[in-house]
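Novice: Got chain X; can you put chain Z on it based on the hints?
2 protein chains.
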Amino acid sequence: MIRIALAQINPIVGDLKGNSLRIKDEIAKAAALCADLVVFPELALCGYPPEDLLYKEHFIKDNLHAVNELAKEAKIIAAIFGFVDMDKKGNLYNAAAIIHNGKVVGVYHKRQLPNYGVFDEKRYFISGNNEGLFSLNGVSIGVSICEDIWIDRGVVEEQVRNGAKVIINISSSPYDVGKLSQREKLLKEKAKKLKAPVCYANLVGGQDELVFDGGSVVYGSKADVLAYGKQFEEDLIQADLNISPSHRKKKMKIELKTSAAPKKTIKEIKAVRYTSIERIYKALVLGTRDYIQKNGFEKVLIGLSGGIDSAVVAAVAAEAVGANNVIGVTMPSQYTSDGTKSDAFGVAGNLGIEILEIPIRDIFESYTEGLKDTFQGTKPGLAEENIQARIRGNILMAISNKYGWLVLTTGNKSEFAVGYCTLYGDMSGGFAVIKDVPKTKVYELARFINRQREIVPSSTIERAPSAELRENQKDQDSLPPYDLLDKLLAGYIEEHKSITRNVKGKNKDIAKEVVRLVDRSEYKRRQSPPGVKISPRAFGKDWRLPITNKYSDL
Amino acid sequence: MIRIALAQINPIVGDLKGNSLRIKDEIAKAAALCADLVVFPELALCGYPPEDLLYKEHFIKDNLHAVNELAKEAKIIAAIFGFVDMDKKGNLYNAAAIIHNGKVVGVYHKRQLPNYGVFDEKRYFISGNNEGLFSLNGVSIGVSICEDIWIDRGVVEEQVRNGAKVIINISSSPYDVGKLSQREKLLKEKAKKLKAPVCYANLVGGQDELVFDGGSVVYGSKADVLAYGKQFEEDLIQADLNISPSHRKKKMKIELKTSAAPKKTIKEIKAVRYTSIERIYKALVLGTRDYIQKNGFEKVLIGLSGGIDSAVVAAVAAEAVGANNVIGVTMPSQYTSDGTKSDAFGVAGNLGIEILEIPIRDIFESYTEGLKDTFQGTKPGLAEENIQARIRGNILMAISNKYGWLVLTTGNKSEFAVGYCTLYGDMSGGFAVIKDVPKTKVYELARFINRQREIVPSSTIERAPSAELRENQKDQDSLPPYDLLDKLLAGYIEEHKSITRNVKGKNKDIAKEVVRLVDRSEYKRRQSPPGVKISPRAFGKDWRLPITNKYSDL
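Heads up: the protein sequence lines correspond to chains X and Z, in order.
Residue numbers for the first sequence follow this note's numbering, so the first one is 1 and each next one is one higher.
Residue numbers for the second sequence follow this note's numbering, so the first one is 555 and each next one is one higher.
Chain X on its own, in the form it takes in the complex (with noise of 0.2 Å):
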């Protein structure tokens, strides 16, 4: 039997000293647990996905350095985790290190490297040629990173043909809405398939706009679930394997023994489950906070209209980083209306925030005074409307400067998609919490919010959406119904449809209406700040179009 520890911990990217203490640390608590082996994540050294760091040779050599130095903490047990190699012509490749009697005794190089949605693993490392394979008191094991577990007929068949009784693959596998099944299916899959355990071992925690979700898990050979990590947490989880010892003619390569002392059998650690929209919610939580906290921020400031959107990033950052590190600021003008006001300052009381009032009324009349000449003989439209949303972001950002908080946008993925928003206004901030997150599910949200009592005002989720920027304003003026738009949207973006060619009917003109919308909106969320994804594809790195584009689809 051997006992198998996955741990799922949450680096930050580049942090090699603090990284190495984390690893430090679960190793000894693996040892603790008299675990044979304990598993880290894909590149859980320097976090993922480092990027252009990754250019740099002085942070190769660091991190080289560190793997050296970490080797020196597995002595009774062994431990896989992610680093970056480095050979002799300085080919880089994406590696995992067997660590074991305080030396490197194996490493193995990543041979699917992903180069699409939001991977750019072509642009830095080269595929790997090496078996991946050694034996832990005598049983075989194969080990294999990330996407080369995604591929028929890969490394981990290879392996399993080689002897291989056991796979292990370490992963950074970004979360969105599809993704948990999506691994599941195809875990349970490979286990059933090969007959043998399957230990995935995945990374957690929130990095710019990535988040990944941990649920690392152990199938056992017959594809039941042996252990369960919890999703969006750091997490230890171990399993105890009853595999017997390969009788092998050839010795391998690398062939460990652990003393680990005797051990009574674990059971079946299992984590709660969450919903889809706990999922998404908790996604958000998370990203926000690592967000804030990795980049060394304690609280956050937030612009509170009245409306469901910036209500619900409230609650999200509260939940986040605790309702005493987060500021909300009301910034009335003359198109506020009383209940969006009075809604602001509910929200705020719901969460047990500190709100901020200051109108701009006056503010936007030195405007209008000092652009008087040369708005002259022009009637008041979009630029008026858009001067107070700037006045807006400037007040957010004057405060953010003043007290060293960060600014949270409250955009959601409908309105960046169609550019129904203001550059340098309501886009001002260092993080877009539901940046990817479509109108319609910004209410799903709400109600999850409300699950146990009122934190988004109930009026704020009846009254129609109004940027309120003039009179009687309604974004339905200028948009379609949002469940109409967010459908359309999910084709056009997440899947590059054609809605203009696929929709039929008289939905086929606002199909086009809605490709030049956000065809020509792609300068706005150029400049935008970062945001959690959780679609399929996010405007962020997995949504790269030209600025310039005279492709016509209409």
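None of these hints come from the bench; they were simulated from the model.
Careful, some of the hints might be misleading.
Said to hold, decoys possible - Listing some non-contacts, in silico: residues in chain X with all C-beta distances to chain Z over 12 Å:
| hint | residue |
| --- | --- |
| 1 | Leu64 |
| 2 | His109 |
| 3 | Lys122 |
| 4 | Glu189 |
| 5 | Ala271 |
| 6 | Lys282 |
| 7 | Ser342 |
| 8 | Gly349 |
| 9 | Phe448 |
| 10 | Thr500 |
| 11 | Pro546 |
Claimed, not checked - Quick partial rundown of chain Z residues pointing at chain X, CB under 7 Å, derived from the structure:
| hint | residue |
| --- | --- |
| 12 | Thr819 |
| 13 | Gln847 |
| 14 | Thr922 |
Where is the CB? At the ideal position from N, CA and C, for every residue including glycine.
Specialist: Just chain Z, lined up with the frame of chain X:
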């Protein structure tokens, strides 16, 4: 003898219809010049780089349809142009079409796909494996695409081994300060080594941050220049190659015969060669003009501070779209000196552009009044400085929204690097003309711009740089001297060097401070507008650093 024409056109990304028309026109012109073959750049049909447009199936199909339509245009002569090919499995190729007699007679698929720097070709394409050979009036010719020719012992060498007597390479090679000489050295050496003429057709034009500089060239088999295309302009060049038809045992797969009329030998064509600073200037002008015009703007708006950056940007803009399409705005505050204010008018007068004056003092006071309670007990500092910069941003954007003029951002690379700029303030705008130009180079540009008569006032050039956001503020109060700063930045940014380890003596502490500033400004750069890339590594597609990043090289 065969006559080959190279048509360096300026397509617009995605504009399949417009680009087809451009190609059609040049085919007709080349036919009128009695060329046997006219060659267009890489992906000339859809523009380069099409980025995630390539993820849209309908875009690929529209592009394939356009290829077949274009084939009809090559009747008398043959033509080669770049397009996106797709195989039956849906794999995409960066491809060259050979058209003749109204048909697509051959297709070559690029083999070497660059996936570094600004390039993401492995995100979209797979490597080809066909040979790229055809014969034209009995002369064997090898066609390859861009990166293919940069490889030693690659497809071009293979083509020559297989009988090619002429090398054609179609490229979309973006400009940077060192690129022309690299390219010419490479092509010359290939011609010499392979004893075959090299015909190199390069794209021209601006596309978001990239500028393609043209400079197409034909080297004879002794590496002598037979024809030389203009840099930074569309051009159609041609050369006569005196090569006897090869006598091959086997027929080639693609054998073309053109029936161009009898022709007089043409003389060597030599375009003007520019100096290094002239090339930078031309690149900025072309990149700016194309961003403005390809995105459908007529007029641009520039905040004129009286400093050197905005003066240089105004001069570039006036050259790009004409002085009557450039509007300057001076927005003096209580900290604006008489000297800078009069210099703002000075440069506007020298250029003959309109200038508006909108003082910001009263608007600023309305903010301090509005924030009185919130800022109570604090000393004026960065927050108050940034409010002023953001008022100016708001005014520029308001005028932009009102009249549909594009705001040009005036920050230089040194500022963007160390974050000496205000997000949503002076960083506001659609296009950042000198974003990749270090401050020391801005001075060089100013002197170049003044080569015939004073445009940038000499007082502007001589005055110590200042943001003028507080009393007696000077850049050098906060930053190292620009000549030292720019040297350190070049090492850190363009070469990803460890300047904290490489720099010795009293500059070591300065180097550490520079690293700290660059690293912590990533969040600002992420929200900055695109600007013309002129260096080997600009803050754009070839700079992908995480915001959340605890790597410490101090």
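Novice: To test your reading of the hints: which numbers does this structure violate?
Specialist: Hints 3, 10, 11, 12, 13, 14 not satisfied by this model.
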